[in-house]
Structure formats: structure tokens, C-alpha cells
Amino acid sequence: MAITTYRDALNQALREELTRDDRVFLMGEEVAEYDGAYKVSRGLLKEFGPKRIVDTPIAELGFAGIGVGAAMVGLRPVIEMMTWNFALLAIDQIVNAAAKIRYMSGGQFGCPIVFRGPGGSALQLAAQHSQAFESWYAHVPGLKVVMPGTPADAKGLLKSAIRDDDPIVFIEGEMLYNIKGEVPEEDYIIPIGKAEIKREGGDVTIICHSKTVGLALKAADELAGEDIAAEVVDLRTVRPLDREAILSSVAKTNRCVIAEEGWPFAGVGAQVVDLIQREAFDALDAPILRVTGADVPMPYNRQLEKAAKVDAARIVTAAKKVLYHGD
Amino acid sequence: MATTAVPNNRKKETSPETAELHRRYLRQMLVIRRFEEKAGEAYSLGKIGGFCHLYIGQEAVAVGAIAALRPDDYITTAYRDHGQALARGMTSRAVMAELFGKAAGCSKGKGGSMHLFDASLGFLGGHGIVGSHIPLAAGAAFAIKYRGGDQVSLCFFGEAAANIGAFHEALNMASLWDLPAIFICENNGYGMGTSVSRASAVANLSERGTAYDMPAETVDGQDVLVMREAMERAVVRARKESHPTLLEVRTYRYVGHSMSDAAHGTYRTKDEVEEYRRRDPISVLADRMRRDGHLDDAGMDALEADVREEVEDAYRFAEEAPDPEPDQLYTDVYASEGGGQRAEEETENA
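Chains as they are written, first to last, in my numbering: chain A, 1 to 327; chain B, 1001 to 1350.
For the record, the hints were derived by calculation from the structure and aren't laboratory data.
One should not assume that every hint holds.
Listed below are the simulated DSS-like cross-link pairs for lysine-lysine, each with C-alpha atoms no more than 30 Å apart in a straight line [stated by the list, open to error]:
#1 A/LYS180 <-> A/LYS39
#2 B/LYS1145 <-> A/LYS51
#3 B/LYS1240 <-> A/LYS51
#4 B/LYS1145 <-> A/LYS46
#5 B/LYS1145 <-> A/LYS39
#6 A/LYS252 <-> A/LYS306
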């Protein structure tokens, strides 16, 4: 199997879907002539031309809405947000238009659109360019929220997202673009709404998505050194949650840690805790712990930033706590 | 920037085809007027809930503009959408039933007054956030051009929406990309209670077209024929040249912003409303038809009776129509019912 970066896996997904379906087009800032701010769209203008790879002015609200209108009448837009931080300017179109068109119209109009781009913490980009918004979108009925943590998932999930008939919020890991992994060369898709056990283990479940997948696997390695077998469950899709995968892992391990980059209050992990306490209360041998970003705007200073971010060490500490390890 | 003159001495129209068209416009405007009056009555009786924004006084804008469209063109509008829906060909029954929240409504009772939709008529909705639907209309125009078609995408919005970012972003891209869109700014003088002069740095909103290299006109919106002709020029530009147009249409609403405020309110005088009523769009056309020999008292009475019956029928239909089934709560959220979070999020929470 070919070893590919997360960035190139996304590029392959776009190329394959643009080839497969001529209703698909990519629109956003710097996606065409600049080859993509993060190079995810590299080479696509040359291959598909300016009709289908469309550079926009800096006008997130406007081009997100243009995407919604085009989707309502039958196209399959992929709208690139240079980062999800800038999508705040377009959130009205995502939440008030895309998510609600089907319902408000009594099912007459759908909105098959993908809003995609990098999210999560970056590196010393400070408060306005380094934040995780998945829980905002996951709150909204009508949207699906997809967050791949590996190159293979990035490709298979983006292809699924483009083929999906509902509006998709597809949040790529800004710090994951360079990670490498095996990516199948054949045409494959990964279903939306399905988690994957990235590592099996019987002692503690670590639930993660996007960047925290790599951190959880690293934590699991460290825990293995202390004879603790952690099971790493990658949600891959935040909404809809893969309820079965979460519950069956917790039924096996009886202990759970949830790691996410976002802020703690009303985060994705809080929703997962709600599910587990309601459906698997008797299986729990310890309170569930959450490892999140610090409840502050992201600081610029390198040391402060490090303290604000989730890392493998904090996941390890949490896992030991739920195992009462060392008590 | 051309300003269309008010044609006080428009030449006499004699052809039977023209007479027939005028009768159709008169009927459509009268249907909208009587429908809205009935909707206001139903609202006061508690049969219609939420917000309800009436179109009384602005009828010539929707009727004149939509008269210039083809059936396969698209229309997107804001929350004051009853008039445009009726002018596009939605039945009084389907619209009234939607206002009543009934399953037989054009949006199955899920949208209400502000969210009228009809895919079969290319009616892309009533939208409730000021100005946010203007990019959607540009998106429909983008799709037309993308597919190489010759449809046009028409967008209605109030003059208050011309001050919000979505308007500027959409018009810029529509012109930059030569999209077949027509933007109709219905300038009724007030965004809720804020007059144009207190909200816009320019008095003539058609001047906003200059910023986007977009042909623009200020149009008399109380004369349905003037409205149609201005729209025809815009349609040619969109269909043949794939370039957008901005039409600032001067009109007036006789009623409050919504049903929750009085007709003239605190921000304008009764006299002002009365002044505008003297150039009522229905009278403007009816008077011309009388002059041309296409309408007499008996004809007007017959038309009134016919329209009143249509509206009464719609009211009865809406009142008697069933509510949506309870299970409709969870349909139409996702394309497939498995897409939702219902099971996960709501299990035994009740």
C-alpha cells in the first residue's frame, strides 16, 4: 500500500470525486491559482480548469451562501474554508441555511454540500487562528460533522462526504497535513457515522478524534510500557456519533477517557459522557475523565501554548487516574 | 444610472393580448391584496402564529417582475414572501395552509409564513435572516452558468438588506463572475421602523450597483407595467449576456413591518400612509384598463367576487386541513432518516 500524507490523501479524494461527478466543484480562497493555502488542492486547477476550481474573493459569508444556492438546485459544491476560524463569518449560511433548507422546505430542497478546511490548534498562531469548533456544528440538527485523524480516513471520508446528500462540516486537522500513513490506491469510501478501533485493549477506553487520535495512540504506547492495555476508539464522525462502538468498548474496559482539542465547556466529550452514563452506567468502574484544551483563548507564547493544548502525557495521566493506578 | 420616468400618459393599449395580460396582472394583484387582508384577519384570530409580514401595497413589484420570467427560472426571497409565492403560481390554498401550519401547506407546515418553498415552481424559498438569501440566489445563478443553461435567478429583498455584508459580497461575486442574476431591492422606505435616510449613506440605492459595475435602475414599483418592462430589460441582460442587474424598486407597505405593529407605527404618520395609498398599484392598473376600455364597474365587481371566493376557499381549506402527523417532527432533517442523532441524543431523556 502506498504511503501518503494526509494532505495528498485529501487531494486524491478531491481529484477522484471531481473526475467521477461533473456536478462537483471546489470553491474558496486561493484554491486555484495559488494551489491552495495548505496545498490540499494542488494541481486541481491545471487538471479541471477554472470552471470547477474557483478562486473567490475573501468573502466567506458570500461564497458559502453561493455554495448553498448551487447545492439547492443540483450541484455538489465543496466549499473550502481557508481555516475554520474564518468560517465564523459564514456560520449563518452553514447553520441558518444549509442545515435547515430541507426541513424548512418540507423536504423539497436538499443541500448536498461539503464545507471543508483545517481546524483545531495550530502552532503559535495565537487566539484567533488556533481553535476547535466541532462542538458548535455538532450541536445543529441537519449537519453532519466529520473529522478524520489519519490519511486513509481523510481520503475515504472526504469521498463519502462529497457523495452524501446532506450538508457536511468536514474539519481537517491543521497539524495533520504532513502526517503519513498507508492509503489504499483503489477507489474506496469510509462510511460517515462509523468509528474505528485504532488499537485494541481491555483496560481503558480512550475516545478521540482528529488530532487526538495520534496523541491517544502515543499515550497507549506509553501505557503499554506499564502493562496497561488501552483501547483507542477514533470517532471519525462527531455527528452522528457511533453509539455502538463507544458503548461496546466501554462495556469491555469499564473505564473511559475522552480526549479532544476543544474547550471543555459543552464540548464533544460532554456529549459522549452523557451517552455512556445513560446507556452503560453499570459498566463503569470509575468516573469518566475528559482531557481537553485549556479553557482560555490560545496564548501565543510557546510554553503557555503547550500548557493550553492536549498532549499524550495528559491522556496518560487521565488513563491512570481512571484505573486508580498508583493510588 | 437610469431612473424610469413615471408614464402618466402611457399610450392606449388596444390589442386583445394586452388586455388579457392586464386582466391577469390585475387579478394577481387583487388576489395578493385580499389574501393578505385575510391573513391579517386570521392572525388576529390566532389562527396564524409567529411572525407574519404582509405585502399590502407592494403587489405590483412581485406581479410585474415575475411576469417577465420563464417557468424554469429561479426565485429566492426574504420573509415577506406571500406575494411573490402567489405571483409565481402557488395556490392560495397551499400558501394559506402553510400560514396555518397545516400538512397541506407548501412546506408541509414546517416553514410557516417566512419559509414558503415550491421546488416545482423554482421557488427557492422565503428566508428569515435579512440579506442572507442574496448569496443563495447568486448560487442558483452560478449553477445556471455552470450547467450552461439560459435560466435566470431572481432575488427579492428589502432595502434594509442592502446595508448588510451578504448583499455586498453576493453582488460583487455576481458581477465578477457574470452570473445571470437579477437583484430586486424592494425599497418600501423602512426597515422595520428605520427609514432609508437613517440607514443608508446613499439615498438612491440603485447607486450601489456602481460599486460592482452592475447595471442598475430605480423603478416605479407602483406601476405593474413599468415594473415588468424594467424586469424585461434585466432578463435580457441575464439570459442573453449573462450579466446581473440591480433594480431598486420604489414601493410602500401600507401595513406595519409585521402583524405585531400598528399600520403606521411611531416612525411614520397616518398622513404619509394615506398619501401613498393615492397611488395604489391596483388602482393605477385598473384606472388604465378603464381608460383603455378593458374594464368597467361590472367587470371589477365580478373580479372582486371571484377573488374573494378564491381567498375564502383558501381560508376554509386551511382551517379544515389536518395538522402534520406527529411523526413529521423528525422527517426532513436529513436525506435519510438514519442520518440523525435522534436515537443517540434523545433516548429516554423525556
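Results for each hint:
1. With a C-alpha separation of about 15 Å, the suggested pair A/LYS180 and A/LYS39 falls inside the 30 Å cut-off, and the hint holds.
2. Note on B/LYS1145 and A/LYS51: the hinted pairing holds, with a Cα-Cα distance of about 10 Å set against a maximum of 30 Å.
3. As the CA atoms of B/LYS1240 and A/LYS51 are separated by approximately 19 Å, the hinted pair is consistent with the 30 Å bound.
4. Of the supplied pair hints, the one linking B/LYS1145 and A/LYS46 holds, its CA atoms being roughly 21 Å apart against a limit of 30 Å.
5. Taking the CA atoms of B/LYS1145 and A/LYS39, the gap is about 27 Å. The hint holds against a cut of 30 Å.
6. Note on A/LYS252 and A/LYS306: the hinted pairing is violated, with a Cα-Cα distance of about 33 Å set against a maximum of 30 Å.
Violated hints amount to a single one, hint 6; each of the other numbered hints is respected by the structure.
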